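Engineer: What follows is each chain in one-letter form.
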Amino acid sequence: MSEPIFLTIDDTVVSVEPEATILQAATRIGIRIPTMCYHKATTSCAICRLCVVEVEGSRALIPSCVASAGPGMVVHTRTARVERVRRTILEMLASSIDLSEAPELQAHMRDYSVDITRYSGCQRRCPPILDDNPMYIRDYAKCVLCWRCVQVCAEDAQYTYAINFSGRGFETLISTFYDRPIMESTCVFCGQCLGVCPTNALKPKREWLLEQGQSLDEIIETTRIEKRTCMSRLADPSSEPERKQP
Amino acid sequence: MENPDISLLAPVTAEYAPLGRTALLPALHAAQAIYGWLPQEVAAEIAAALGVPLVEVFGVIEFYKLFYPRPVRKTVDIICTDPVCAMAGAQEAYNVIARHYKPGALDVTVQRSPCLGLCEHAPTALVQEKQFGELHPRMDGALTDDIGLTPFGVPGGDLRLLTALCGKNRPTSLVEYRANGGYEALVKAFARPPEDLIAEVKASGLVGRGGAAFPTGAKWEGAYRANGQPKYVVCNGEEAEPGAFKDRVLMEEDPHRIIEGLAITAHAIGASKGYIFIRGEYPRAYQVMRAAVEEARSIFPVEIEVRRGAGAYICGEETALFEAIEGKRGFPRIKPPFPTTAGLFGKPTVISNVETLANIPLIITLGADGYRRYGTEKSPGPKLFCVSGDVMKPGLYEVPFGITLRHLIEDLAGGMRDGKGLQCVLMDGAAGAFASPDQLDVRLSFEDLRAAGLPLGSGVVTVLNETRDLRDVLVRLARFFADESCGKCTPCRIGTRRQYEILERLAAGQRRPGDLELLQDIGWTMTDASLCGLGQTAATALISALRLWPVLFSPTDGKEP
Ligand SMILES: Cc1cc2nc3c(=O)[nH]c(=O)nc-3n(C[C@H](O)[C@H](O)[C@H](O)COP(=O)(O)O)c2cc1C
Ligand code: SF4
Ligand code: SF4
Ligand code: FES
Numbered sequence: 000m001s002e003p004i005f006l007t008i009d010d011t012v013v014s015v016e017p018e019a020t021i022l023q024a025a026t027r028i029g030i031r032i033p034t035m036c037y038h039k040a041t042t043s044c045a046i047c048r049l050c051v052v053e054v055e056g057s058r059a060l061i062p063s064c065v066a067s068a069g070p071g072m073v074v075h076t077r078t079a080r081v082e083r084v085r086r087t088i089l090e091m092l093a094s095s096i097d098l099s100e101a102p103e104l105q106a107h108m109r110d111y112s113v114d115i116t117r118y119s120g121c122q123r124r125c126p127p128i129l130d131d132n133p134m135y136i137r138d139y140a141k142c143v144l145c146w147r148c149v150q151v152c153a154e155d156a157q158y159t160y161a162i163n164f165s166g167r168g169f170e171t172l173i174s175t176f177y178d179r180p181i182m183e184s185t186c187v188f189c190g191q192c193l194g195v196c197p198t199n200a201l202k203p204k205r206e207w208l209l210e211q212g213q214s215l216d217e218i219i220e221t222t223r224i225e226k227r228t229c230m231s232r233l234a235d236p237s238s239e240p241e242r243k244q245p
Numbered sequence: 000m001e002n003p004d005i006s007l008l009a010p011v012t013a014e015y016a017p018l019g020r021t022a023l024l025p026a027l028h029a030a031q032a033i034y035g036w037l038p039q040e041v042a043a044e045i046a047a048a049l050g051v052p053l054v055e056v057f058g059v060i061e062f063y064k065l066f067y068p069r070p071v072r073k074t075v076d077i078i079c080t081d082p083v084c085a086m087a088g089a090q091e092a093y094n095v096i097a098r099h100y101k102p103g104a105l106d107v108t109v110q111r112s113p114c115l116g117l118c119e120h121a122p123t124a125l126v127q128e129k130q131f132g133e134l135h136p137r138m139d140g141a142l143t144d145d146i147g148l149t150p151f152g153v154p155g156g157d158l159r160l161l162t163a164l165c166g167k168n169r170p171t172s173l174v175e176y177r178a179n180g181g182y183e184a185l186v187k188a189f190a191r192p193p194e195d196l197i198a199e200v201k202a203s204g205l206v207g208r209g210g211a212a213f214p215t216g217a218k219w220e221g222a223y224r225a226n227g228q229p230k231y232v233v234c235n236g237e238e239a240e241p242g243a244f245k246d247r248v249l250m251e252e253d254p255h256r257i258i259e260g261l262a263i264t265a266h267a268i269g270a271s272k273g274y275i276f277i278r279g280e281y282p283r284a285y286q287v288m289r290a291a292v293e294e295a296r297s298i299f300p301v302e303i304e305v306r307r308g309a310g311a312y313i314c315g316e317e318t319a320l321f322e323a324i325e326g327k328r329g330f331p332r333i334k335p336p337f338p339t340t341a342g343l344f345g346k347p348t349v350i351s352n353v354e355t356l357a358n359i360p361l362i363i364t365l366g367a368d369g370y371r372r373y374g375t376e377k378s379p380g381p382k383l384f385c386v387s388g389d390v391m392k393p394g395l396y397e398v399p400f401g402i403t404l405r406h407l408i409e410d411l412a413g414g415m416r417d418g419k420g421l422q423c424v425l426m427d428g429a430a431g432a433f434a435s436p437d438q439l440d441v442r443l444s445f446e447d448l449r450a451a452g453l454p455l456g457s458g459v460v461t462v463l464n465e466t467r468d469l470r471d472v473l474v475r476l477a478r479f480f481a482d483e484s485c486g487k488c489t490p491c492r493i494g495t496r497r498q499y500e501i502l503e504r505l506a507a508g509q510r511r512p513g514d515l516e517l518l519q520d521i522g523w524t525m526t527d528a529s530l531c532g533l534g535q536t537a538a539t540a541l542i543s544a545l546r547l548w549p550v551l552f553s554p555t556d557g558k559e560p
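The listed protein sequences derive, respectively, from chains A and B. In terms of numbering that gives the first Met the number 0, the first sequence opens at residue 0 and continues consecutively. In terms of numbering that gives the first Met the number 0, the second sequence opens at residue 0 and continues consecutively.
Think of the hints as simulated: they come from the structure by calculation, not from any bench. Where hints are given, some of them may not hold.
[Stated by the list, open to error] Just a sample of chain A residues kept apart from chain B, beta carbon distances all over 12 Å, derived:
{"hint": "1", "residue": "Leu-89"}
{"hint": "2", "residue": "Ser-94"}
{"hint": "3", "residue": "Met-134"}
{"hint": "4", "residue": "Lys-204"}
{"hint": "5", "residue": "Gln-211"}
{"hint": "6", "residue": "Ile-224"}
[Claimed, not checked] Straight-line C-alpha distance at most 35 Å; calculated DSBU-like pairs for lysine-lysine:
{"hint": "7", "chain 1": "A", "residue 1": "Lys-39", "chain 2": "B", "residue 2": "Lys-334"}
{"hint": "8", "chain 1": "B", "residue 1": "Lys-73", "chain 2": "B", "residue 2": "Lys-334"}
{"hint": "9", "chain 1": "A", "residue 1": "Lys-39", "chain 2": "B", "residue 2": "Lys-327"}
[What the hints assert, rightly or not] The following label-pair restraints were derived from C-beta to C-beta distances:
{"hint": "10", "chain 1": "A", "residue 1": "Arg-77", "chain 2": "B", "residue 2": "Ala-190", "range": "58 to 64 Å"}
{"hint": "11", "chain 1": "A", "residue 1": "Gln-105", "chain 2": "B", "residue 2": "Arg-137", "range": "53 to 59 Å"}
{"hint": "12", "chain 1": "B", "residue 1": "Arg-98", "chain 2": "A", "residue 2": "Pro-203", "range": "37 to 43 Å"}
{"hint": "13", "chain 1": "A", "residue 1": "Pro-203", "chain 2": "B", "residue 2": "Phe-213", "range": "28 to 34 Å"}
Bear in mind that the values here come from a model prediction, so they are computed numbers and not experimental data. Each residue gets a CB set at the ideal place from its N, CA and C atoms; glycine is no exception.
Let the sequences and hints guide you as you build the complete structure.
Structural biologist: What follows is the structure in structure tokens.
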């Protein structure tokens, strides 16, 4: 066990093991830093940038979810600069994506007094809902591109490689191979992507049908038929598209 | 659509399958050369051959603008509409050609493109792997073989050290290069121990010419000392910064100088393999560099591979470039770790700009002291400037650091064109800042420009006359970033789009209260919180313009700010 290190976060001195991130160190003393892409089950990519903090002596803001705590570091988690960045990121997300079913982001938006009226008239991401399998629906109008589903589908858990990206920049979407239906992809319906999705962009089909006003009997009937086709495909590997392990 | 004939792909899969994933971009280029685009059956075949998950092959195809996952017509006509070409009439050329070839009508797909790096010959186009300058389409917009000129380099300036053998409208051969002392530095370097070479380059004061101005000697030392084998050296020839064309001229006209620089670097850090990565929009530079590497094999064992990008400015960012060589989407990595310890394939790597590498033989030949006779104390050596826009003689100018901006524009580039006055100079391209006419006497060195609050970057100097509409320039720069953002991190993915939308609206005169404050919020959020240099500089030109001309977007303002 290596020696603990000491750093200062918002005027409080904290001691952590040297491998700790700034985010972990802050959590240790009850300082809450908003996060979005970070998840304990996935490799941190530091892509949402909500968790940035100001570190004295450093020019740019630092993503606390990946940056290691350093000895003697002086960290400020809620300066005006940090607040402006977080508020603007949340506003920009809300200006393009449907966050109505993302409770954590909703809470952050209240916390940072987000005003999305400033962005009226800006283009939103509104691809159609994809209802192409008996297990889950994909509503990428709600997708914040946290990458977690792609990560658990690949090296972080399942090694299935059913989903990746189409497009780039603002046009990026989570996608199967040439946008083919999930049933024609390598998906094994493990459900891990649903478990890590923070915005309900991925949702169990039954839950969605219930919201659409279907009765339980109807739902069972709909999904039963779809599931049978799905199972027969899984049982018969020859009907499955080619799959490659790296 | 008919199924593509997969048997045509056999030679491609046979060639690239043994290399695995790193061969993905080359394999996709080769496949597209056969089919014109990349049908899913072809992508699946390549995925199986290289052992890459299907969906990741699709992800890669979708990332690079020059790969087509959907059918395109037989001829693809790519026209630059970024500021320099737009000022030379490219938008009108694009409009007339696009009108002639309405989508689906004839056998031509017309595509708008970011800067093609041929700015001294604006307006420019790329048609089926052929570069055109001084584009002059027929009135009716139909494409002809003489649509423009073949754009060669136009080198000039007070010095001709790096560009000594450029300007012949053709590449310099190995024989010519050697007749002019070429590869003598390499022979000298091979005879010296690495520590000695590292010390020499450190003493020369050379800093990278790719924009970040990091000391090259320090990189060498870092990679030399780093644990891990093999080690790599990579030449960054992406050069997609709007207004930049210096690396194109060096690669097309004096390729061996770059190879020599690369080989010396490899020897100094103990690298066993080198890569030269060239942007997809530079087909001629790619052909010339490949041929030169072949030629060089006749005199020393070269482990150098020449690679092509496929339409992604972000692949100029060093870690994104590594990802492209590794066969992935060009997403920049989080730093640290830095390339010198964990670069290409996770191994210690020195990545240098083309112009940086061209300086290396010179340093070995002259010695650090001799090299330092050029330039200033803090910015030693020669520097290439890419001058374009409203000057008499747009071109590539080699000068010692420390000459004034006025000397560059008025003496070397012949001053303003068409008798118009100077409005401003955009320094360092899209990621740069504006200099006003009262800053013409600033000396072009890192220290002087820093003091003046201007970037030197990679040496891009875009001159705008008094009639130019700066709002149009800013909208085009904003569109460039919105098109080129990789989409990995939130501030840049959404911020570049919002910045573009708001500027477009403002330029159309539809101003709303709070707009400027909103632009500042978005701009500073990108600057402060983006993951890589693209997002971090996507607002600098705008912020500098708003500082110089606060009334630029005010509703009462006329056409000329
Ligand atoms: C968005 C972006 C684009 C870049 N494009 C280029 C480029 O086209 N060519 C280049 O040499 N460096 C480019 N760079 C800088 C590289 O990351 C890197 O610093 C450089 O290749 C190192 O070489 P040098 O030390 O010789 O300058 C770019 C950086 C960023 C952030
Ligand atoms: S679908 Fe959900 S988990 Fe996947 S990237 Fe979008 S928000 Fe994240
Ligand atoms: S700053 Fe832009 S280009 Fe860089 S990682 Fe973020 S989205 Fe990609
Ligand atoms: S939580 Fe750190 S960048 Fe997303």
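Engineer: For a quick check of understanding: which of the numbered hints are violated here, in increasing order?
Structural biologist: 1, 2, 8, 12, 13
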